[in-house]
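Here the protein sequences line up with chains A and B, keeping their order.
Quick note, the first sequence lines up with residues 1 to 97 if you use the working numbering.
Quick note, the second sequence lines up with residues 1 to 89 if you use the working numbering.
You may find that some hints are simply not true.
[As the list claims (entries may be wrong)] Computed footprint of chain A on chain B, listed as stretches where at least three residues anywhere in the stretch have a Cβ under 8 Å from a Cβ of chain A:
{"id": "1", "segment": "46 to 58"}
{"id": "2", "segment": "63 to 74"}
[Unchecked claim] Computed footprint of chain A on chain B; a stretch qualifies when at least three of its residues, placed anywhere within it, have a C-beta under 8 Å from a C-beta of chain A:
{"id": "3", "segment": "1 to 12"}
{"id": "4", "segment": "22 to 31"}
{"id": "5", "segment": "34 to 42"}
[To be verified] Label-pair restraints from in silico Cβ distances:
{"id": "6", "chain 1": "A", "residue 1": "Phe30", "chain 2": "B", "residue 2": "Ala17", "range": "30 to 36 Å"}
{"id": "7", "chain 1": "A", "residue 1": "Ala64", "chain 2": "B", "residue 2": "Gly26", "range": "38 to 44 Å"}
{"id": "8", "chain 1": "B", "residue 1": "Gly10", "chain 2": "A", "residue 2": "Pro31", "range": "27 to 33 Å"}
{"id": "9", "chain 1": "A", "residue 1": "His38", "chain 2": "B", "residue 2": "Val62", "range": "37 to 43 Å"}
{"id": "10", "chain 1": "A", "residue 1": "Ala70", "chain 2": "B", "residue 2": "Val18", "range": "24 to 30 Å"}
{"id": "11", "chain 1": "B", "residue 1": "Ser28", "chain 2": "A", "residue 2": "Leu11", "range": "23 to 29 Å"}
{"id": "12", "chain 1": "A", "residue 1": "Ala80", "chain 2": "B", "residue 2": "Gly10", "range": "16 to 22 Å"}
Worth flagging that the hints you see were computed from the coordinates, not collected in a lab.
Everything numeric in this text was worked out from a predicted model, so none of it was measured.
Glycine included, C-beta positions come from ideal geometry on N, C-alpha and C.
These are the residues of each chain, in order.
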Amino acid sequence: MSLALGLLTVLTVSAGAFFFMAGTVGLLRFPDTLSRLHALSKADNLGLGLVVLGLLLQAEGLLAGLKLVAVWFLALLAGATVAQLIAHTARPGDPPM
Amino acid sequence: MADFLLGAAGFVVAMVAVGLVRILRGPSDAERIMAAQLLGTGGVAALLLLAKAMSVPAAVEVALILALLAALVTVAFVKGAGRSRGDRA
Numbered sequence: 001m002s003l004a005l006g007l008l009t010v011l012t013v014s015a016g017a018f019f020f021m022a023g024t025v026g027l028l029r030f031p032d033t034l035s036r037l038h039a040l041s042k043a044d045n046l047g048l049g050l051v052v053l054g055l056l057l058q059a060e061g062l063l064a065g066l067k068l069v070a071v072w073f074l075a076l077l078a079g080a081t082v083a084q085l086i087a088h089t090a091r092p093g094d095p096p097m
Numbered sequence: 001m002a003d004f005l006l007g008a009a010g011f012v013v014a015m016v017a018v019g020l021v022r023i024l025r026g027p028s029d030a031e032r033i034m035a036a037q038l039l040g041t042g043g044v045a046a047l048l049l050l051a052k053a054m055s056v057p058a059a060v061e062v063a064l065i066l067a068l069l070a071a072l073v074t075v076a077f078v079k080g081a082g083r084s085r086g087d088r089a
């Protein structure tokens with residue numbers, strides 16, 4: 001059982017690290033601001049989400065697990081807000097906030 | 001398991017550090033703040049991995065605060081960018 005959980009943790013954390021790599025590659029290689037923002041959102045939400053999911057399988061107790069989920073939830077809320085705000089500044093015709 | 005988590009934390013930090021090249025290259029301020037945002041999220045992920053790998057539970061609290069402050073940085077940037085653009089117009 002613990003071997004299976006460990007294997008799942010290795011898989012999900014590796015997938016999360018892959019999404020961070022994809023975010024970096026996208027940020028460096030994509031041609032314009034909005035597509036770079038798209039790559040950044042993937043790294044923010046999926047990369048951190050998969051890392052948290054993998055660590056959740058190893059968490060000791062309910063409180064430690066809830067704290068991990070809280071970190072991810074905060075990052076999700078912040079990422080969604082921040083992506084909208086950056087996209088707003090990137091559009092040339094829009095009035096300033 | 002601890003070795004693997006430590007390696008994963010190092011990998012995430014290395015990837016995010018490579019992304020900082022975008023701060024040098026620009027071209028606009030939006031790209032620069034995006035690289036800083038990626039650094040914030042990568043830092044949170046690395047801190048969570050380190051907390052488990054090195055059995056330092058307090059690092060989860062640090063990650064929580066880093067996630068909060070990384071969001072505030074970008075909000076402050078957008079408010080400042082809007083103001084300076086308004087001044088020029």
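Evaluated hints:
Counting residues of the segment 46 to 58 of chain B whose CB lies closer than 8 Å to any CB of chain A gives 4, so the stated coverage by that chain holds, three being the minimum. Evaluation of the coverage hint for the segment 63 to 74 of chain B: fulfilled, as 7 residues show C-beta separations to chain A shorter than 8 Å, against a requirement of three. Judged by the Cβ-Cβ criterion of 8 Å, the segment 1 to 12 of chain B is covered by chain A as claimed, because 6 of its residues qualify and three suffice. With 5 residues bearing a CB less than 8 Å from a CB of chain A, the segment 22 to 31 of chain B meets the requirement of three and the coverage assertion stands.
Note: the segment 34 to 42 of chain B has 6 residues with beta-carbon separation from chain A under 8 Å; the three-residue rule is met and the coverage holds. Between phenylalanine 30 of chain A and alanine 17 of chain B the Cβ separation comes to about 19 Å, which falls outside the hinted range of 30 to 36 Å. The given range of 38 to 44 Å is respected by alanine 64 of chain A and glycine 26 of chain B, whose C-beta atoms sit roughly 41 Å from each other. In this structure the supplied range 27 to 33 Å holds for glycine 10 of chain B paired with proline 31 of chain A, their Cβ-Cβ distance being about 30 Å.
Taken as a hint, the range 37 to 43 Å is violated for the pair histidine 38 of chain A and valine 62 of chain B, whose Cβ atoms sit roughly 29 Å apart. A hinted range of 24 to 30 Å holds for the C-beta pair alanine 70 of chain A and valine 18 of chain B, which are about 29 Å apart. Restraint check, serine 28 of chain B to leucine 11 of chain A: a C-beta distance of roughly 38 Å breaks the suggested window 23 to 29 Å. A hinted range of 16 to 22 Å for the beta carbons of alanine 80 of chain A and glycine 10 of chain B is inconsistent with their spacing of about 29 Å.
Hint compliance for this structure: hints 6, 9, 11, 12 are not met, and every other hint is.
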